[in-house]
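Asker: Here's the letter readout for the chains.
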Amino acid sequence: MKLTIKHQETYSRGELILRTLFGWIYIAIPHGFLLFFVGLWGSILSFISFWIVLFTARYPQSFFEFQVGYYRWALRFRARLNNVADGYPTFGIKGTDENTSLDIPYPEKLSRGLLILRLLFGLFYVMIPHGFILLFRSIAAGFVIFIAWWIVLFTGKYPKGMHDFVTGTIRWGTRVNLYMGFMTDTYPPFTGKEIE
Amino acid sequence: MNSEPSGYYPVPQPDEIGIREKEDAMGAYLMMFATLAVGLPLPIINLVAAFIYLYLNRKTSRFVHFHALQSLYSQIPVTLLNAGMIIWLIIILVNDFNFTSEFKGYTIMVGVANLIYFIFSLIAAAKARKGLFYYFIFFGRLAYHRAYMIHSGPKEVAVNKPPTL
Chain A
1 MKLTIKHQET
11 YSRGELILRT
21 LFGWIYIAIP
31 HGFLLFFVGL
41 WGSILSFISF
51 WIVLFTARYP
61 QSFFEFQVGY
71 YRWALRFRAR
81 LNNVADGYPT
91 FGIKGTDENT
101 SLDIPYPEKL
111 SRGLLILRLL
121 FGLFYVMIPH
131 GFILLFRSIA
141 AGFVIFIAWW
151 IVLFTGKYPK
161 GMHDFVTGTI
171 RWGTRVNLYM
181 GFMTDTYPPF
191 TGKEIE
Chain B
1001 MNSEPSGYYP
1011 VPQPDEIGIR
1021 EKEDAMGAYL
1031 MMFATLAVGL
1041 PLPIINLVAA
1051 FIYLYLNRKT
1061 SRFVHFHALQ
1071 SLYSQIPVTL
1081 LNAGMIIWLI
1091 IILVNDFNFT
1101 SEFKGYTIMV
1111 GVANLIYFIF
1121 SLIAAAKARK
1131 GLFYYFIFFG
1141 RLAYHRAYMI
1151 HSGPKEVAVN
1161 KPPTL
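Top line first, the protein sequences correspond to chains A and B. According to my numbering, the residues represented by the first sequence are 1 to 196, in order. According to my numbering, the residues represented by the second sequence are 1001 to 1165, in order.
In isolation and in its complexed conformation, chain A is listed as follows (with noise of 0.2 Å):
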């Protein structure tokens, strides 16, 4: 899985000020509300995909690229949101993004002894631990996100180090959450920082 958010040169103040006076007027109700049914869809197919990964270890392509069609989506709604890039997120699964980027590689076959393992302890090996880190981490981009916007207003631009954590909390949480889609096979490791 290879998540970017591209770290700009400049961000602009004034998107900057127009995200945080009306954001959820034109970004997170528009997108959130559209997402909200792709994301219904998504647990819909994701339900299914379970049966069907357990009975032929094949996760449907046509499934597989839709939920990292609606990923994408995600990705690139939370980056506006998070001011860590700018420009309006596009609408669709199918909608690019020059600031943003998430690759997942379709996996030809799946165990089925994971998908059973993630089913009855997936809460104790993976939702426990990773989420117990992702939360406080979740608290200090918060802060930084704060902390970052003050930056953004006064110098119009955005610290590597402060980006790269967000982006790495973003990266984090969506490395768990293909696990525990049943779309990847591979353990999340507990770093938020890009792994060849």
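Worth flagging that the hints you see were computed from the coordinates, not collected in a lab. Hints are all accurate, no fakes.
Each computed SDA-like pair below joins lysine to any residue, with the alpha-carbon atoms no more than 20 Å apart:
{"id": "1", "chain 1": "B", "residue 1": "Lys1130", "chain 2": "A", "residue 2": "Phe50"}
{"id": "2", "chain 1": "A", "residue 1": "Lys94", "chain 2": "B", "residue 2": "Ile1052"}
{"id": "3", "chain 1": "B", "residue 1": "Lys1059", "chain 2": "A", "residue 2": "Ile93"}
{"id": "4", "chain 1": "B", "residue 1": "Lys1127", "chain 2": "B", "residue 2": "Leu1142"}
{"id": "5", "chain 1": "A", "residue 1": "Lys109", "chain 2": "B", "residue 2": "Arg1129"}
{"id": "6", "chain 1": "B", "residue 1": "Lys1130", "chain 2": "A", "residue 2": "Leu54"}
{"id": "7", "chain 1": "A", "residue 1": "Lys109", "chain 2": "B", "residue 2": "Lys1130"}
{"id": "8", "chain 1": "B", "residue 1": "Lys1127", "chain 2": "B", "residue 2": "Asn1057"}
{"id": "9", "chain 1": "B", "residue 1": "Lys1127", "chain 2": "A", "residue 2": "Ser62"}
{"id": "10", "chain 1": "B", "residue 1": "Lys1130", "chain 2": "A", "residue 2": "Gln61"}
{"id": "11", "chain 1": "B", "residue 1": "Lys1127", "chain 2": "A", "residue 2": "Gln61"}
{"id": "12", "chain 1": "B", "residue 1": "Lys1059", "chain 2": "B", "residue 2": "Val1011"}
{"id": "13", "chain 1": "B", "residue 1": "Lys1059", "chain 2": "A", "residue 2": "Gln61"}
Partial chain A-side listing against chain B, Cβ under 10 Å, derived:
{"id": "14", "residue": "Trp41"}
{"id": "15", "residue": "Ser43"}
{"id": "16", "residue": "Trp51"}
{"id": "17", "residue": "Tyr59"}
{"id": "18", "residue": "Pro60"}
Even for Gly, the Cβ is constructed at its ideal location relative to N, Cα and C.
Assemble chain B onto chain A, guided by the hints.
Answerer: Okay, now just chain B, sitting in the frame of chain A:
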């Protein structure tokens, strides 16, 4: 306006159908689990999911279109029966908690209908995964007709006319 049918497209053989199409066709029948996925006891969700699935896949291939249609058509009577049972149950719960013999009989009948639908849908899903056709009674023919019928002949051309004075 649709033109008159003039035959049917040839039915593909299993080795002519790609794995992606086979999986998409199989997925159509598994929409019967949509209610479970969402966690709401509303039978209509299965029908809505089957309809959305058909809409998204109607142009994928005729094979997928056929299976998605058959899945949708076969869900309609089951959904109506389930909805009837839930409405009846709500009426009973709201009124007097009197579970009459008629209600019990209807519930058993709905249970049997769901079981039949469930078994045949799973068989159809397994067949679709192998690239095979599986025709349900009545619905199979209807879905085949809709997915494989060739529309030919002159199409009606829209003509603009002045308003009637």
